[in-house]
Structures are given as C-alpha cells and as structure tokens.
Amino acid sequence: MPKSKPFWYGNMAGAIFGWGFVLLGLIVPLTGLIHTLWIVIALLWIAGHPLELIAALPIAKKAGYTPGKTVINTLVFGITWWIPVKLGVFQPDST
Numbered sequence: 035m036p037k038s039k040p041f042w043y044g045n046m047a048g049a050i051f052g053w054g055f056v057l058l059g060l061i062v063p064l065t066g067l068i069h070t071l072w073i074v075i076a077l078l079w080i081a082g083h084p085l086e087l088i089a090a091l092p093i094a095k096k097a098g099y100t101p102g103k104t105v106i107n108t109l110v111f112g113i114t115w116w117i118p119v120k121l122g123v124f125q126p127d128s129t
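All letters in the sequence shown, in the order written, are residues 35 to 129 by this note's numbering.
For the record, the hints were derived by calculation from the structure and aren't laboratory data.
Taking lysine to any residue and the SDA-like style, the derived pairs with C-alpha atoms no more than 20 Å apart in a straight line are:
#, residue 1, residue 2
1, 39, 49
2, 95, 123
3, 103, 53
4, 96, 120
5, 39, 127
6, 103, 88
7, 120, 93
Each pair of labels, with its calculated beta carbon distance range:
#, residue 1, residue 2, range
8, 69, 121, 32 to 38 Å
9, 70, 47, 22 to 28 Å
10, 88, 50, 19 to 25 Å
From the three backbone atoms N, C-alpha and C, an ideal C-beta is built for every residue, glycine too.
Construct the entire structure; sequences and hints are all you get.
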C-alpha cells in the first residue's frame, strides 16, 4: 500500500462520500440497483466502521493517538485512516 498522504487523503474523501451517500439514501427514496448499492454501503459504513475499532484502537494507541481521536477517525474514515496510521503515514500531529 502506498505511503503517500495524498493517496490516503483521497481515500478518506471517498469515505466521506460514502457517508453522504448513506445520508442521501435516508432522505431520498432510491430504487433498483442504486438502492441495492445503498444497502451494501450503508451496512459497510454503519456496521463495518465500528467493528474496525477492534483493529484500530491498538494500532492507534501504539502510534500515540488518544482513544477519542481514534474512535472519531475510525468511525468517519474507517480503514482509510487506521491503515496509514499503521504504515506510519499519519502520525498524531499530522491528522
């Protein structure tokens, strides 16, 4: 995986887009394939991001992040935040 901040920031923007799509699906009735895609993304974001805390908390603690910042960043950005932390791309003073 790249050790490039721009690469990971781009992926983090994708995570924000995913949350926006989840919110859109709660407001606007979606149908067909878009509705199916919404269900998959909603499940991944709503269930997946909290489950990622199992991996993210020890990785972020080792890197020097506080539990609060780890929880917020993992719930918002998921794997696109804690993997670069694990790789040393992000450090507590850089995100």
